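So the chains spell out like this:
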Amino acid sequence: MSIAIDLATVWAFIIAFAVFVYVVMDGFDLGLGILFPFFPNKADRDVIMNSVAPVWDGNETWLVLGGGGMMAAFPLAYAVLMPALYTPMIVMLLGLVFRGVAFEFRWRTQKERNKWDVAFAGGSILAALAQGIALGAILQGVHVEGRHYAGGWWDWLTPFSILTGVSLVVGYALLGATWLVMKTEDSLRERAYHFSWILLIAMLVAIGAVSVATPFLHVQYIHRWFAWPNIILTAPVPIAVAAVTAMLLRALANKYDYQPFFLTLALFALSYAGLGISMYPYIVPQSITIWQAASPENSQVFMLFGVSILIPLILAYTAWAYWVFRGKVRHGAGYH
Amino acid sequence: MFEGWDAVALARAQFAFTMSFHIIFPAFSIGLASYLAVLEGLWLITKREVFINLFNYWLKIFAVAFGMGVVSGIVMSYQFGTNWAAFADKTGPVIGPLMAYEVLTAFFLEAGFLGVMLFGLERVGPRLHFLATLMVAIGTLISAFWILSANSWMQTPTGHAINADGQFVAADWLKLIFNPSFPYRLVHMVLAAYLTTALVVGAVGAYHLLRDQHLAGARVMFSMAMWMATLVAPIQILAGDQHGLNTLEHQPTKIMAMEGHFVSHKDGAPLILFGWPNQTAGRIDYAIEIPKLGSVILKHSPDAPMAGLDTVPRENWPPVPITFWSFRIMVGLGFLMLGLGMLSLWLRWRGRLYHSPLLHRFAMVMGPAGFIAVLAGWITTETGRQPFTVYGLLRTADSVSPLAAPAVGSSLIAFIIVYFIVFIAGVVYLLRLMAQPPHPGEHGPSKDLPARAAGITPAAGTVAEGAR
Numbered sequence: 001m002s003i004a005i006d007l008a009t010v011w012a013f014i015i016a017f018a019v020f021v022y023v024v025m026d027g028f029d030l031g032l033g034i035l036f037p038f039f040p041n042k043a044d045r046d047v048i049m050n051s052v053a054p055v056w057d058g059n060e061t062w063l064v065l066g067g068g069g070m071m072a073a074f075p076l077a078y079a080v081l082m083p084a085l086y087t088p089m090i091v092m093l094l095g096l097v098f099r100g101v102a103f104e105f106r107w108r109t110q111k112e113r114n115k116w117d118v119a120f121a122g123g124s125i126l127a128a129l130a131q132g133i134a135l136g137a138i139l140q141g142v143h144v145e146g147r148h149y150a151g152g153w154w155d156w157l158t159p160f161s162i163l164t165g166v167s168l169v170v171g172y173a174l175l176g177a178t179w180l181v182m183k184t185e186d187s188l189r190e191r192a193y194h195f196s197w198i199l200l201i202a203m204l205v206a207i208g209a210v211s212v213a214t215p216f217l218h219v220q221y222i223h224r225w226f227a228w229p230n231i232i233l234t235a236p237v238p239i240a241v242a243a244v245t246a247m248l249l250r251a252l253a254n255k256y257d258y259q260p261f262f263l264t265l266a267l268f269a270l271s272y273a274g275l276g277i278s279m280y281p282y283i284v285p286q287s288i289t290i291w292q293a294a295s296p297e298n299s300q301v302f303m304l305f306g307v308s309i310l311i312p313l314i315l316a317y318t319a320w321a322y323w324v325f326r327g328k329v330r331h332g333a334g335y336h
Numbered sequence: 001m002f003e004g005w006d007a008v009a010l011a012r013a014q015f016a017f018t019m020s021f022h023i024i025f026p027a028f029s030i031g032l033a034s035y036l037a038v039l040e041g042l043w044l045i046t047k048r049e050v051f052i053n054l055f056n057y058w059l060k061i062f063a064v065a066f067g068m069g070v071v072s073g074i075v076m077s078y079q080f081g082t083n084w085a086a087f088a089d090k091t092g093p094v095i096g097p098l099m100a101y102e103v104l105t106a107f108f109l110e111a112g113f114l115g116v117m118l119f120g121l122e123r124v125g126p127r128l129h130f131l132a133t134l135m136v137a138i139g140t141l142i143s144a145f146w147i148l149s150a151n152s153w154m155q156t157p158t159g160h161a162i163n164a165d166g167q168f169v170a171a172d173w174l175k176l177i178f179n180p181s182f183p184y185r186l187v188h189m190v191l192a193a194y195l196t197t198a199l200v201v202g203a204v205g206a207y208h209l210l211r212d213q214h215l216a217g218a219r220v221m222f223s224m225a226m227w228m229a230t231l232v233a234p235i236q237i238l239a240g241d242q243h244g245l246n247t248l249e250h251q252p253t254k255i256m257a258m259e260g261h262f263v264s265h266k267d268g269a270p271l272i273l274f275g276w277p278n279q280t281a282g283r284i285d286y287a288i289e290i291p292k293l294g295s296v297i298l299k300h301s302p303d304a305p306m307a308g309l310d311t312v313p314r315e316n317w318p319p320v321p322i323t324f325w326s327f328r329i330m331v332g333l334g335f336l337m338l339g340l341g342m343l344s345l346w347l348r349w350r351g352r353l354y355h356s357p358l359l360h361r362f363a364m365v366m367g368p369a370g371f372i373a374v375l376a377g378w379i380t381t382e383t384g385r386q387p388f389t390v391y392g393l394l395r396t397a398d399s400v401s402p403l404a405a406p407a408v409g410s411s412l413i414a415f416i417i418v419y420f421i422v423f424i425a426g427v428v429y430l431l432r433l434m435a436q437p438p439h440p441g442e443h444g445p446s447k448d449l450p451a452r453a454a455g456i457t458p459a460a461g462t463v464a465e466g467a468r
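Chains as they are written, first to last, in my numbering: chain A, 1 to 336; chain B, 1 to 468.
Treat the hints as calculated values from the structure; they're not laboratory data.
Predicted, not measured: the structure shown is a model, and the values here were computed from it.
Incorrect hints may have been included.
To be verified - What the simulated footprint calls covered on chain A by chain B, stretch by stretch (three residues with Cβ under 8 Å from a Cβ of chain B suffice, anywhere in the stretch; the number is not a length):
{"no.": "1", "region": "101 to 114"}
{"no.": "2", "region": "137 to 151"}
As the list claims (entries may be wrong) - If you want the ones that stay clear, here's a sample from chain B, every Cβ over 12 Å from chain A, calculated:
{"no.": "3", "residue": "79"}
{"no.": "4", "residue": "220"}
{"no.": "5", "residue": "267"}
{"no.": "6", "residue": "270"}
{"no.": "7", "residue": "297"}
{"no.": "8", "residue": "299"}
{"no.": "9", "residue": "329"}
{"no.": "10", "residue": "368"}
Even for Gly, the Cβ is constructed at its ideal location relative to N, Cα and C.
With the rest of the complex left out, here is chain A (with noise of 0.2 Å):
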């Protein structure tokens, strides 16, 4: 028995873990579409498409993980989500659809290049609410009954969620921006540097909004975040915040490369930590815990082989394709 809670526990890390890279890697070239239309101007836009363009589909992998492995890991939690978000799902996949062509079609044509420019935007901004949308549902609860979701299909749909969906585009907005301080030059690198300062006070303002919110959809992540000896554990996690807020601050104000994407992603991190402290231990807040969803032992057993060879050899080579396209796309001639 107390091997099957440690195994449940540990694919809870992993898939929270690949989640966690979705949302970072993912995360900023979303982020990319989401700031397209404030760049209008298509040498702009041909930068900011090329800074990613090796590497997104490796980036959008890890969605694909975090959906496969919650299907092996926790079936149940996924045969009970799925349906409980299925709007905000079947918006996030076909954004995602927009968006990905979009990469290849617009370099295919000049008479519609501008369309798929929008197909880009519009797919990114619908993806990255969705699933902000996605997040709110999922930490509000749904309605559960034996196997199944017992809800209708716009049970997802409240205040809350369109608040952690806004909060989510503003978010990856700033990854996208910070990203293209460090990728870019000149005029481009400038106002990317002025949208961060703009969406980083937006986000600051969204991490509050969705902090002080929370407590009030369950009683139990009061108890969760507040209660003794709770809050020895949980009270650093807004003061690290704070001081990464600082560090950013005083990266945007110093006009350094690196460290306001990365700081960024601390932020983010910091974010995705306290949403684990809420929901911990369960999958499906206050109805299904990672214990009762877990797959049976040699499911999660067979997969560990797998997980614990491929992961580290997964990112290694993931780390080489991004070192290989490493340092600033320049504007330039070379391309039809």
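Fit chain B to the supplied structure of chain A, relying on the hints for placement.
Same frame as chain A, but now just chain B:
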């Protein structure tokens, strides 16, 4: 809208539509990735410029098709949960790990090396670049391995048990992965992908040869594609036959539907060539048949008895007309491919491979044949498994999500609209790329990327710049 519709039928329509759209792209990119690896390998060995030109030419096409495959594939990985939640809950412990392994061993490999393959030749040099191309090609094959294992388990489930929650759980992973129909399905599908790609390459080569018989790139691609058709089409027909015998052993009702055998034959079943399956009446109307030949093909004996659907309860019948006809479309196209391969071999021997407009027109018409055959084959095997998702064990009606028809119907319409826009645009761009002849000095997709600070080889300057 959709009030009073059957939610199960809508969910099936949605899966069939999104899956049919998706399978076209992997079927093409499995073959094309291998073809690209061969072209680049030949270039590295022979240093002949025509190979790198062809490599860059097909790489641009690969980039467009691969992107469409990726985005439609992400949809598939979530459809199990959104529309088939009960299926996901019950089969997650066995199918989930196979798909997780597909992601870990294949999707990441493809995606991780794709960027270098598309844009990185100048950056990493030819040898590392060839490695990246190989990794992408191997990734597509590993992907086929896992997903076909998962699908085959749904067709011929073995190595599992059922737990207290009604979930399928693994009893023996090796038996589960290498279930009885898997080796046959894997061979049949990978060969189908190679044939599909060969027919597209051949059609593009033929198109340009019709305009200029001396174009080096067109000659090389056409010749390679025709060798592929000549050699692989007959092997594929044999593989398909073996797959059929395997199906007869493990999924007899599917064979009954494919053959149109509504009634049992005690002393030799006919081969029904054509006819109209009448599911309600349980007979084939207007049948054109050859006596005894069905038993000869399936049992290798003219008088061997064959059971028909009359031995199967009606509620377990697959939809016979679809299975019957899609099977005939696949087989018919397979024999046309064989015909193309043999004709090209004959003309090659006569020294007229590049000078026969008849052959070139035939090859052009056959360009889309692989896609149609792949779709028809999948429709045969998937509708032939009905009314089950896991053959004999889990009914399709018990696999769906607890969703009302309006939700499933609305999302179906959204998928149809979005996919048609994307599909039409994608096909137009692909055909536009294919309409260009391969040039000497052909460039790859990397020319779409602006030049960078570091120049051709990453220099130390970039690193120092980023170290802050």
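Hints, verified against the model:
no. : hint       : in the structure
1   : 101 to 114 : holds (count 8)
2   : 137 to 151 : holds (count 4)
3   : 79         : 9 Å, violated
4   : 220        : 24 Å, holds
5   : 267        : 48 Å, holds
6   : 270        : 45 Å, holds
7   : 297        : 39 Å, holds
8   : 299        : 39 Å, holds
9   : 329        : 28 Å, holds
10  : 368        : 20 Å, holds
The structure fails hint 3 only (numbered hints given earlier).
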